[in-house]
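K.L.:
Each residue of the sequence shown is one higher than the one before, counting from 1 in the working numbering.
No lab work stands behind these hints: they were computed from the structure. This one's a predicted model, so the numbers in the text were calculated from it and none came from an experiment. Each hint should be verified, as a subset may be incorrect.
Unchecked claim - Calculated cross-link-like contacts (lysine-lysine; reagent style DSSO-like; alpha-carbon spacing at most 30 Å):
1) K151 / K141
2) K106 / K140
3) K63 / K85
4) K49 / K106
5) K85 / K57
6) K106 / K63
7) K52 / K87
8) K52 / K85
9) K140 / K52
10) K140 / K151
11) K57 / K140
12) K140 / K85
13) K141 / K106
14) K57 / K87
15) K140 / K49
16) K151 / K57
17) K52 / K141
18) K87 / K49
19) K106 / K151
20) K140 / K87
21) K87 / K63
22) K151 / K49
23) K85 / K106
24) K141 / K63
Claimed, not checked - Restraint ranges, calculated between C-beta atoms of paired labels, are given here:
25) T135 / E114: 11 to 21 Å
26) T26 / E70: 29 to 39 Å
27) G37 / T149: 22 to 32 Å
28) T135 / D81: 32 to 42 Å
29) D45 / S89: 36 to 46 Å
30) E123 / G147: 43 to 53 Å
31) S28 / E71: 28 to 38 Å
Ideal placement from N, C-alpha and C gives every residue a C-beta, glycine not left out.
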Amino acid sequence: MVRAIKLFGCLTVAAFLLTGCSSEETLSCSMTDESNGISMEQVVDMTFKDDKISHVKMSVNSKATSSLIEENWDMFASMMDEQFKEKSSDGISISTDNDANNHTYKVNLEVNLEEATEDALTEYGLDGITDDNSTLEETKKEAEDSGFTCK
Numbered sequence: 001m002v003r004a005i006k007l008f009g010c011l012t013v014a015a016f017l018l019t020g021c022s023s024e025e026t027l028s029c030s031m032t033d034e035s036n037g038i039s040m041e042q043v044v045d046m047t048f049k050d051d052k053i054s055h056v057k058m059s060v061n062s063k064a065t066s067s068l069i070e071e072n073w074d075m076f077a078s079m080m081d082e083q084f085k086e087k088s089s090d091g092i093s094i095s096t097d098n099d100a101n102n103h104t105y106k107v108n109l110e111v112n113l114e115e116a117t118e119d120a121l122t123e124y125g126l127d128g129i130t131d132d133n134s135t136l137e138e139t140k141k142e143a144e145d146s147g148f149t150c151k
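Working from the sequences, and respecting the hints, build out all of it.
P.N.:
Here is the structure:
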């Protein structure tokens, strides 16, 4: 019986050491902006593993708010298609959804920083993110200083 208790205690400590040493937190930031006839909502979810960013998920939802943009929706959507080509490789996944009837365009970007290559990150303006040692709190402050609301 004592041996079983000691074994259970050792297993509990080992499990705590293996799982308890690594902490994972998520920071979610959003911002809405309207200009030039387009309303844009951005939502960024960042996962921090041991206080270092490891995963980013971003969505940008654009909606026409003026008749001029609605009338030229095909041109707007074409520019967005050119800028955000769908992809799923090198740790980066991009998907788009053009709803021409409702004049909305959604872009979803997901980046696994443990798998993403530096070339792929550079392509989307994320070069240097793997070298960034900013903590969750520092990243939150920087995002809020840029106009995002974070939680």
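K.L.:
Could you run down the list of hints and mark each one as holding or not?
P.N.:
Going down the list of hints, with the structure as the test:
Restraint check: the Cα-Cα separation between K151 and K141 comes to about 11 Å, which is no more than 30 Å; the hinted pair holds. A distance of roughly 24 Å separates the Cα atoms of K106 and K140; the hinted pair therefore holds under the 30 Å criterion. With a CA separation close to 19 Å, the supplied pair K63 and K85 stays within the 30 Å bound. This hinted pair checks out: K49 and K106 have alpha carbons roughly 28 Å apart, not beyond 30 Å.
Simply put, K85 and K57 have alpha-carbon atoms about 16 Å apart, close enough for the 30 Å limit, and the pair holds. The hinted pair formed by K106 and K63 meets the criterion: a straight-line CA distance of about 9 Å does not exceed 30 Å. For the proposed pair K52 and K87, the alpha carbon gap of about 25 Å is at most 30 Å, so the pair holds. At most 30 Å may separate the alpha-carbon atoms for a hinted pair to count; K52 and K85 meet this at roughly 28 Å.
Only pairs whose Cα atoms come within 30 Å are accepted, and K140 paired with K52 is accepted, the gap being roughly 13 Å. Straight-line distance between C-alpha atoms of K140 and K151 comes to about 8 Å, which keeps the hinted pair within the 30 Å bound. Using a Cα cut-off of 30 Å, the hinted pair K57 and K140 holds, with the two alpha carbons roughly 15 Å apart. For the hint pairing K140 with K85, the CA-to-CA distance comes to about 29 Å; that is within 30 Å, so the pair holds.
As the CA atoms of K141 and K106 are separated by approximately 26 Å, the hinted pair is consistent with the 30 Å bound. This hinted pair checks out: K57 and K87 have alpha carbons roughly 14 Å apart, not beyond 30 Å. Note on K140 and K49: the hinted pairing holds, with a Cα-Cα distance of about 15 Å set against a maximum of 30 Å. A hinted pair counts as satisfied when its Cα atoms are at most 30 Å apart, and K151 with K57 qualifies at roughly 15 Å.
In summary, the hint linking K52 to K141 is supported, as the alpha carbons are separated by about 15 Å, within the 30 Å threshold. Between K87 and K49, the direct Cα distance comes to roughly 25 Å. Compliance with the 30 Å bound is thereby established for this hinted pair. Restraint check: the Cα-Cα separation between K106 and K151 comes to about 22 Å, which is no more than 30 Å; the hinted pair holds. With a CA separation close to 28 Å, the supplied pair K140 and K87 stays within the 30 Å bound.
At most 30 Å may separate the alpha-carbon atoms for a hinted pair to count; K87 and K63 meet this at roughly 23 Å. Proximity of K151 to K49 is assessed by CA-CA distance (about 17 Å); at most 30 Å being required, the pair is judged to hold. Straight-line distance between C-alpha atoms of K85 and K106 comes to about 12 Å, which keeps the hinted pair within the 30 Å bound. Annotation: proposed proximity of K141 to K63 holds, straight-line Cα distance about 28 Å (limit 30 Å).
Checked against the given bound of 11 to 21 Å, the beta carbons of T135 and E114, roughly 18 Å apart, stay inside it. Taking 29 to 39 Å as the suggested C-beta distance range, the pair T26 and E70 conforms, at roughly 36 Å. Checking the proposed 22 to 32 Å range against G37 and T149 shows it holds: the Cβ atoms sit about 24 Å from each other. Here the CB-CB span from T135 to D81 is close to 36 Å, well matched to the stated 32 to 42 Å.
Evaluation of the 36 to 46 Å hint for D45 and S89 yields a failure: the beta carbon distance comes to about 21 Å. Between E123 and G147, the C-beta spacing of about 25 Å breaks the proposed range 43 to 53 Å. Distance hint check for S28 and E71: the Cβ-Cβ separation is about 35 Å, which falls inside the suggested range of 28 to 38 Å.
The structure does not agree with the numbered hints 29, 30 stated previously, though it agrees with the rest.
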